[in-house]
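At position 57 of the sequence shown the residue is numbered 106 (the numbering used here), and the sequence of numbers has no breaks.
Everything labelled a hint here was simulated from the structure, so no lab data went into it.
Being a predicted model, the structure only gives us computed values, none of them experimental.
Ideal placement from N, C-alpha and C gives every residue a C-beta, glycine not left out.
Take these hints with a grain of salt, some might be off.
[To be verified] Here are the computed lysine-lysine pairs in the DSS-like style, where the Cα-Cα straight-line distance is at most 30 Å:
| hint | residue 1 | residue 2 |
| --- | --- | --- |
| 1 | Lys54 | Lys111 |
| 2 | Lys79 | Lys54 |
| 3 | Lys79 | Lys112 |
| 4 | Lys79 | Lys111 |
[As the list claims (entries may be wrong)] Now the in silico label distances, taken between C-beta atoms and shown as ranges:
| hint | residue 1 | residue 2 | range |
| --- | --- | --- | --- |
| 5 | Val104 | Met50 | 28 to 36 Å |
| 6 | Pro150 | Glu170 | 16 to 24 Å |
| 7 | Gly85 | Ile152 | 32 to 40 Å |
| 8 | Lys112 | Glu142 | 30 to 38 Å |
| 9 | Ile55 | Pro156 | 16 to 24 Å |
| 10 | Arg171 | Asn102 | 33 to 41 Å |
| 11 | Glu70 | Leu179 | 30 to 38 Å |
| 12 | Asn100 | Ser146 | 33 to 41 Å |
| 13 | Met50 | Lys111 | 13 to 21 Å |
| 14 | Glu142 | Ala86 | 37 to 45 Å |
| 15 | Gly147 | Glu70 | 30 to 38 Å |
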Amino acid sequence: MSVHKIEHVGIRVSALEDSVEFYTRVIGLKLLHTIGAVEDSVRLAFMSFPNQNNVELELVYKKEHEELANEGRVHHIAFTVSNIEQEYARISELGLSGLDPVIRDLPGGSRFFFFNGPDGERIEFFEPALPGS
50 MSVHKIEHVG
60 IRVSALEDSV
70 EFYTRVIGLK
80 LLHTIGAVED
90 SVRLAFMSFP
100 NQNNVELELV
110 YKKEHEELAN
120 EGRVHHIAFT
130 VSNIEQEYAR
140 ISELGLSGLD
150 PVIRDLPGGS
160 RFFFFNGPDG
170 ERIEFFEPAL
180 PGS
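Make the full structure from the sequences, and use the hints.
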(Lines of atoms letter the chains of each structure in order from A; the text may use other names.)
(Lines give C-alpha, C1' and ligand atoms only; values in the text may rest on other atoms or scores of the structure.)
Protein backbone atom coordinates (compact mmCIF):
# COMPACT_ATOMS: atom_id res chain seq x y z
CA MET A 50 0.00 0.00 0.00
CA SER A 51 1.31 3.49 -0.80
CA VAL A 52 -0.67 5.46 1.80
CA HIS A 53 1.81 6.90 4.30
CA LYS A 54 0.60 10.01 6.16
CA ILE A 55 -2.24 12.42 6.82
CA GLU A 56 -1.88 15.26 4.29
CA HIS A 57 -4.30 17.83 5.68
CA VAL A 58 -7.62 18.27 7.45
CA GLY A 59 -10.15 20.56 5.79
CA ILE A 60 -12.54 22.66 7.84
CA ARG A 61 -15.50 24.58 6.41
CA VAL A 62 -15.46 28.22 7.49
CA SER A 63 -17.90 31.09 7.02
CA ALA A 64 -15.26 33.87 6.77
CA LEU A 65 -11.82 32.90 5.47
CA GLU A 66 -9.83 35.91 6.70
CA ASP A 67 -11.37 35.74 10.18
CA SER A 68 -10.55 32.03 10.42
CA VAL A 69 -6.95 32.56 9.23
CA GLU A 70 -6.56 35.24 11.89
CA PHE A 71 -8.04 32.97 14.57
CA TYR A 72 -5.85 29.95 13.76
CA THR A 73 -2.79 32.23 13.60
CA ARG A 74 -3.49 34.09 16.83
CA VAL A 75 -5.10 31.38 18.97
CA ILE A 76 -3.49 28.17 17.71
CA GLY A 77 -0.14 29.49 16.45
CA LEU A 78 -0.41 28.26 12.87
CA LYS A 79 1.16 30.14 9.97
CA LEU A 80 -0.50 30.82 6.63
CA LEU A 81 1.32 28.88 3.91
CA HIS A 82 -0.73 29.94 0.88
CA THR A 83 -4.23 30.57 -0.41
CA ILE A 84 -6.03 29.48 -3.55
CA GLY A 85 -8.74 31.67 -5.05
CA ALA A 86 -9.40 35.40 -5.26
CA VAL A 87 -11.76 37.32 -2.96
CA GLU A 88 -14.52 37.26 -5.59
CA ASP A 89 -14.26 33.49 -6.24
CA SER A 90 -17.04 31.19 -5.02
CA VAL A 91 -14.54 28.80 -3.39
CA ARG A 92 -11.38 29.89 -1.57
CA LEU A 93 -8.85 27.81 0.34
CA ALA A 94 -6.22 28.74 2.91
CA PHE A 95 -3.50 26.27 3.92
CA MET A 96 -1.87 26.59 7.35
CA SER A 97 0.61 24.65 9.46
CA PHE A 98 2.71 25.00 12.55
CA PRO A 99 5.96 26.93 12.05
CA ASN A 100 8.85 24.63 11.09
CA GLN A 101 6.47 21.67 10.75
CA ASN A 102 4.75 21.22 7.40
CA ASN A 103 3.99 17.49 7.46
CA VAL A 104 0.29 18.02 8.31
CA GLU A 105 -1.68 21.06 7.18
CA LEU A 106 -4.99 22.61 8.09
CA GLU A 107 -7.04 23.61 5.04
CA LEU A 108 -9.72 26.23 5.60
CA VAL A 109 -12.50 25.86 3.01
CA TYR A 110 -14.72 28.88 2.26
CA LYS A 111 -17.71 28.56 -0.07
CA LYS A 112 -19.64 31.73 -0.89
CA GLU A 113 -22.90 29.85 -1.46
CA HIS A 114 -22.96 27.63 1.63
CA GLU A 115 -25.57 26.07 3.83
CA GLU A 116 -25.61 27.25 7.42
CA LEU A 117 -22.65 26.01 9.41
CA ALA A 118 -23.21 24.50 12.84
CA ASN A 119 -21.94 26.63 15.73
CA GLU A 120 -19.07 24.21 16.37
CA GLY A 121 -17.98 24.16 12.71
CA ARG A 122 -17.65 21.20 10.38
CA VAL A 123 -14.77 19.12 9.21
CA HIS A 124 -15.02 19.04 5.43
CA HIS A 125 -12.62 16.17 4.77
CA ILE A 126 -9.42 14.45 5.82
CA ALA A 127 -6.63 13.92 3.30
CA PHE A 128 -3.89 11.34 3.10
CA THR A 129 -0.73 11.64 1.03
CA VAL A 130 -0.20 8.86 -1.52
CA SER A 131 2.81 8.17 -3.69
CA ASN A 132 1.05 6.45 -6.61
CA ILE A 133 -2.37 8.00 -7.11
CA GLU A 134 -3.33 5.86 -10.13
CA GLN A 135 -2.64 2.67 -8.16
CA GLU A 136 -4.65 3.94 -5.19
CA TYR A 137 -7.53 5.06 -7.40
CA ALA A 138 -7.69 1.57 -8.91
CA ARG A 139 -7.54 -0.04 -5.45
CA ILE A 140 -10.34 2.16 -4.07
CA SER A 141 -12.42 1.58 -7.23
CA GLU A 142 -12.13 -2.18 -6.70
CA LEU A 143 -13.39 -1.81 -3.12
CA GLY A 144 -16.66 -0.35 -4.43
CA LEU A 145 -16.75 2.51 -1.90
CA SER A 146 -19.45 5.14 -2.30
CA GLY A 147 -18.79 8.71 -3.38
CA LEU A 148 -15.71 7.95 -5.48
CA ASP A 149 -14.85 10.81 -7.83
CA PRO A 150 -15.29 9.73 -11.46
CA VAL A 151 -11.70 10.79 -12.26
CA ILE A 152 -8.46 11.84 -10.57
CA ARG A 153 -8.40 15.65 -10.53
CA ASP A 154 -5.43 17.96 -11.13
CA LEU A 155 -4.49 21.18 -9.33
CA PRO A 156 -2.42 24.02 -10.77
CA GLY A 157 1.19 23.14 -10.07
CA GLY A 158 0.84 19.41 -10.66
CA SER A 159 -0.71 17.98 -7.49
CA ARG A 160 -3.50 15.42 -8.01
CA PHE A 161 -6.35 14.15 -5.84
CA PHE A 162 -9.62 12.26 -5.60
CA PHE A 163 -12.32 11.85 -2.96
CA PHE A 164 -14.45 8.95 -1.71
CA ASN A 165 -16.71 8.37 1.30
CA GLY A 166 -15.80 6.75 4.61
CA PRO A 167 -18.16 4.49 6.55
CA ASP A 168 -20.20 7.37 8.02
CA GLY A 169 -20.25 9.43 4.83
CA GLU A 170 -17.19 11.48 5.80
CA ARG A 171 -15.18 12.66 2.81
CA ILE A 172 -11.71 11.19 2.43
CA GLU A 173 -9.16 12.59 -0.01
CA PHE A 174 -6.14 10.81 -1.43
CA PHE A 175 -3.63 13.47 -2.44
CA GLU A 176 -0.43 13.12 -4.47
CA PRO A 177 1.74 16.24 -4.19
CA ALA A 178 3.46 17.62 -7.27
CA LEU A 179 7.00 16.42 -7.77
CA PRO A 180 9.60 19.03 -6.86
CA GLY A 181 10.47 21.13 -9.89
CA SER A 182 7.36 20.19 -11.87
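Here's how the hints hold up against the structure:
no.: 1; hint: Lys54 to Lys111; verdict: holds (27 Å)
no.: 2; hint: Lys79 to Lys54; verdict: holds (20 Å)
no.: 3; hint: Lys79 to Lys112; verdict: holds (24 Å)
no.: 4; hint: Lys79 to Lys111; verdict: holds (21 Å)
no.: 5; hint: Val104 to Met50: 28 to 36 Å; verdict: violated (19 Å)
no.: 6; hint: Pro150 to Glu170: 16 to 24 Å; verdict: holds (20 Å)
no.: 7; hint: Gly85 to Ile152: 32 to 40 Å; verdict: violated (21 Å)
no.: 8; hint: Lys112 to Glu142: 30 to 38 Å; verdict: holds (37 Å)
no.: 9; hint: Ile55 to Pro156: 16 to 24 Å; verdict: holds (23 Å)
no.: 10; hint: Arg171 to Asn102: 33 to 41 Å; verdict: violated (23 Å)
no.: 11; hint: Glu70 to Leu179: 30 to 38 Å; verdict: holds (33 Å)
no.: 12; hint: Asn100 to Ser146: 33 to 41 Å; verdict: holds (39 Å)
no.: 13; hint: Met50 to Lys111: 13 to 21 Å; verdict: violated (32 Å)
no.: 14; hint: Glu142 to Ala86: 37 to 45 Å; verdict: holds (39 Å)
no.: 15; hint: Gly147 to Glu70: 30 to 38 Å; verdict: holds (33 Å)
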